[in-house]
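J.: Now for the letters of each chain:
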Amino acid sequence: MTTISAQNTKSLTPAKIIWIKFCEHKTALLGLAGLFLLLLFIFLGSILIPESQANQTDITNRIQPPSLTHWFGTDNTGRDQFARIIYGGQITIVIGVLAVFLQISLGTLIGGIAAYYGGLVDSILMRFTESMLSIPSLLLLIVIGKYFGKDIQMLNIFGRKFSGSVPIVVLVIGATSWMYVARIVRAEVLSLKEREFVQASIVLGAKNLRILFVHLIPNTVGSLIVATTLGLANAVIMEAYVSFLGLGVQPPTATWGNMMTQSISFIQGGLWWMWVIPGFCIVYTILCFNLVGDGLRDAFDPHTHERFV
Amino acid sequence: MNSYILKRLLQAILILFINTFLIFSFTRLSCDPMAQYVGKAGFSAEDKTRIYNELGLDEPFPVQYFLWLKKVGQGDLGISLFSKQPVWKLIIERLPMTLILMLSAEIVTLLLAFLLAFVAVKNRYSLIDNIITTLSFVGYSMPVFFIGLILIILFSVKFKQWGLPYLPTGTDIWDHHNIIELVKHLILPVTTIASIQTARYSRFLRSSILEVMSNDYVRTAFSKGIGSGKVMFNHILPNALLPIVSMVGLDIAAMFGGAVVTETIFAWPGLGRLFWEYAQRGDFPVVNGVLLIISTAVVIMTIVTDVVYGVIDPRIRLK
Numbered sequence: 001m002t003t004i005s006a007q008n009t010k011s012l013t014p015a016k017i018i019w020i021k022f023c024e025h026k027t028a029l030l031g032l033a034g035l036f037l038l039l040l041f042i043f044l045g046s047i048l049i050p051e052s053q054a055n056q057t058d059i060t061n062r063i064q065p066p067s068l069t070h071w072f073g074t075d076n077t078g079r080d081q082f083a084r085i086i087y088g089g090q091i092t093i094v095i096g097v098l099a100v101f102l103q104i105s106l107g108t109l110i111g112g113i114a115a116y117y118g119g120l121v122d123s124i125l126m127r128f129t130e131s132m133l134s135i136p137s138l139l140l141l142i143v144i145g146k147y148f149g150k151d152i153q154m155l156n157i158f159g160r161k162f163s164g165s166v167p168i169v170v171l172v173i174g175a176t177s178w179m180y181v182a183r184i185v186r187a188e189v190l191s192l193k194e195r196e197f198v199q200a201s202i203v204l205g206a207k208n209l210r211i212l213f214v215h216l217i218p219n220t221v222g223s224l225i226v227a228t229t230l231g232l233a234n235a236v237i238m239e240a241y242v243s244f245l246g247l248g249v250q251p252p253t254a255t256w257g258n259m260m261t262q263s264i265s266f267i268q269g270g271l272w273w274m275w276v277i278p279g280f281c282i283v284y285t286i287l288c289f290n291l292v293g294d295g296l297r298d299a300f301d302p303h304t305h306e307r308f309v
Numbered sequence: 001m002n003s004y005i006l007k008r009l010l011q012a013i014l015i016l017f018i019n020t021f022l023i024f025s026f027t028r029l030s031c032d033p034m035a036q037y038v039g040k041a042g043f044s045a046e047d048k049t050r051i052y053n054e055l056g057l058d059e060p061f062p063v064q065y066f067l068w069l070k071k072v073g074q075g076d077l078g079i080s081l082f083s084k085q086p087v088w089k090l091i092i093e094r095l096p097m098t099l100i101l102m103l104s105a106e107i108v109t110l111l112l113a114f115l116l117a118f119v120a121v122k123n124r125y126s127l128i129d130n131i132i133t134t135l136s137f138v139g140y141s142m143p144v145f146f147i148g149l150i151l152i153i154l155f156s157v158k159f160k161q162w163g164l165p166y167l168p169t170g171t172d173i174w175d176h177h178n179i180i181e182l183v184k185h186l187i188l189p190v191t192t193i194a195s196i197q198t199a200r201y202s203r204f205l206r207s208s209i210l211e212v213m214s215n216d217y218v219r220t221a222f223s224k225g226i227g228s229g230k231v232m233f234n235h236i237l238p239n240a241l242l243p244i245v246s247m248v249g250l251d252i253a254a255m256f257g258g259a260v261v262t263e264t265i266f267a268w269p270g271l272g273r274l275f276w277e278y279a280q281r282g283d284f285p286v287v288n289g290v291l292l293i294i295s296t297a298v299v300i301m302t303i304v305t306d307v308v309y310g311v312i313d314p315r316i317r318l319k
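Going line by line, the protein sequences match chains A and B. Under the numbering used here, the first sequence is numbered contiguously, ending at residue 309. Under the numbering used here, the second sequence is numbered contiguously, ending at residue 319.
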């Protein structure tokens, strides 16, 4: 418990309070450290190992267990698993970040507008949100992924080549996960709407858009940060599910999910390195995001801020 | 209360309509049943146009939508393109299997979650509590297929290698109506699903109980001398279980979606696999039908959950 001594003349800003509370959760700090290590591994790895090694097939060497030349073994077309884990991690995380960005933007917009304008707009937007919620997102992913799964060209961005299915997976995950954010933002904006600072803005003549984007939405940032972190965990899992079923990112571009596509058949042959390693990476990443998100959720919870006053 | 139910019902009808439009748009625009035949021998472009014409697929989109809607309104979900059977029949055949799987998993989950949550609360902040909490975190961070694969490797493959009695993986043909076979095939998929769900529920239950226990009325009850068992059952649990009711209700709703991934790994003949198999071939009557049934079930269950919640929580009832 932090005590404010007489000598401590620095004021406790809300950000500091949140940081202190976050640090009280040892598990959350562990998660943060884990994420940091993961990012280090991926980015150092991509500097040290060229991408061509991840996609270079070598049929004569296929399905080799871990050895000195191939630290994590090779996959069913002879590509080096170690390099694929590194580059697959990049793609997986990039997909997660972009998908979350999409879903947060979409969800905040819809939730904010619904809450602010209320009435018919609110009704229609919320019915639409609930409608999307009632359709299982994995099934939607399958349907849409199936459609786009055929004849995907390779894209070339910033000199890196990867399958065109990557932006599609991003779009689909983002488009099927925004509803949770919309509900959270709507609840927050609804309660914020009644506060005096909003009424003051209205009296001062601020336009609706300004109130919404400058005053209301920035004050939901606490919930948004939590939603972002948990959304990242969700995006990684969704990508893993879709790619595991074979409908997500298409090879040769690697993601941790599609490295596990044939895993059921791998089991019978005892080819443990084909699926244990990418699977472990997925679990590790999701675990870290969940730990951090949980810590953040407690840190942002205003009910427990009282003891700092 | 009654006006609340009425309002929810009206909203539900609107949602169902929006659903039909969304579902139809998604599937019709993505499913192309002829895709797998393009380029194969004996299939020409004329064949494609002819079949499209026969199936009514080249009509303008709104026409197709309203025709489908009309048939749905009359209770006809259409005929599968590939198996020529009515969609209803396909769904009814597979639905019980999915429900068996999900209900068993839910029951196991609830039992285990209660057990774990109680142990954690009784020994709160001790080592046992920390272990349970950590395991819960790990549990619900795992994708379903990872746990499934580990279980399969251990209990099906390795046990067989070691000469121990082993559980079947389900890829072999088995008689769905034989109870013993059913239970044998249920164990692995239920364990897989239950592991993840238990992790979620036990965490939630634990924090819910702890939160209720910090309330004044609980402290009052204890100070009145009421034994801890009675306090738990009469005061703490009824309040702590409220959010769980909501969770269980929504999970039952999600149940109908089946667990596509679980059913695929364990070759379980349920609704999820039905969807998967037919979606592969672009059989959109089936895809439409399944999505419609599932989303309708979710909408209905959501309303039921809300109403039940309103009934058992006096604070809402009396508002």
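Read the hints as simulated data drawn from the structure, not as lab findings. Check the hints yourself; a few may be wrong.
Claimed, not checked - Simulated crosslink set (SDA-like; lysine to any residue; CA at most 25 Å straight-line):
no., chain 1, residue 1, chain 2, residue 2
1, B, K7, A, L190
2, B, K160, A, A187
3, A, K26, B, K122
4, B, K7, A, G119
5, B, K122, A, D298
6, B, K70, A, L140
7, B, K7, B, I312
8, B, K7, A, G112
9, B, K7, A, F128
10, A, K26, B, S207
11, B, K122, B, S207
12, B, K7, A, L40
13, B, K184, B, E93
14, A, K26, B, E93
15, B, K7, A, K26
16, B, K122, B, L241
17, B, K71, A, K26
18, B, K160, A, W273
19, A, K26, B, I132
20, B, K84, B, L57
21, A, K26, B, N130
22, B, K70, A, R127
23, B, K7, A, L120
24, B, K84, B, N130
25, A, K26, B, K84
26, B, K158, A, Y180
27, B, K158, A, E194
To be verified - For the chain B half of the interface with chain A, some residues (derived, Cβ under 8 Å), not all of them:
no., residue
28, T49
29, F145
30, L149
31, L151
32, T264
33, F275
34, I293
35, I294
Here a beta-carbon is modelled for each residue, glycine too, at the ideal position from N, C-alpha and C.
J.: All hints are to be evaluated individually against the structure, with a verdict given for each.
T.: Taking the hints in turn, this is what the structure says about them:
no. : hint               : result
1   : B:K7 with A:L190   : 20 Å, holds
2   : B:K160 with A:A187 : 54 Å, violated
3   : A:K26 with B:K122  : 22 Å, holds
4   : B:K7 with A:G119   : 15 Å, holds
5   : B:K122 with A:D298 : 22 Å, holds
6   : B:K70 with A:L140  : 23 Å, holds
7   : B:K7 with B:I312   : 19 Å, holds
8   : B:K7 with A:G112   : 23 Å, holds
9   : B:K7 with A:F128   : 16 Å, holds
10  : A:K26 with B:S207  : 17 Å, holds
11  : B:K122 with B:S207 : 12 Å, holds
12  : B:K7 with A:L40    : 53 Å, violated
13  : B:K184 with B:E93  : 21 Å, holds
14  : A:K26 with B:E93   : 50 Å, violated
15  : B:K7 with A:K26    : 46 Å, violated
16  : B:K122 with B:L241 : 17 Å, holds
17  : B:K71 with A:K26   : 58 Å, violated
18  : B:K160 with A:W273 : 21 Å, holds
19  : A:K26 with B:I132  : 16 Å, holds
20  : B:K84 with B:L57   : 17 Å, holds
21  : A:K26 with B:N130  : 11 Å, holds
22  : B:K70 with A:R127  : 22 Å, holds
23  : B:K7 with A:L120   : 14 Å, holds
24  : B:K84 with B:N130  : 55 Å, violated
25  : A:K26 with B:K84   : 59 Å, violated
26  : B:K158 with A:Y180 : 41 Å, violated
27  : B:K158 with A:E194 : 62 Å, violated
28  : T49                : 20 Å, violated
29  : F145               : 6 Å, holds
30  : L149               : 6 Å, holds
31  : L151               : 11 Å, violated
32  : T264               : 7 Å, holds
33  : F275               : 6 Å, holds
34  : I293               : 11 Å, violated
35  : I294               : 6 Å, holds
In terms of the numbered hints stated before, the structure departs from hints 2, 12, 14, 15, 17, 24, 25, 26, 27, 28, 31 and 34, listed from lowest to highest.
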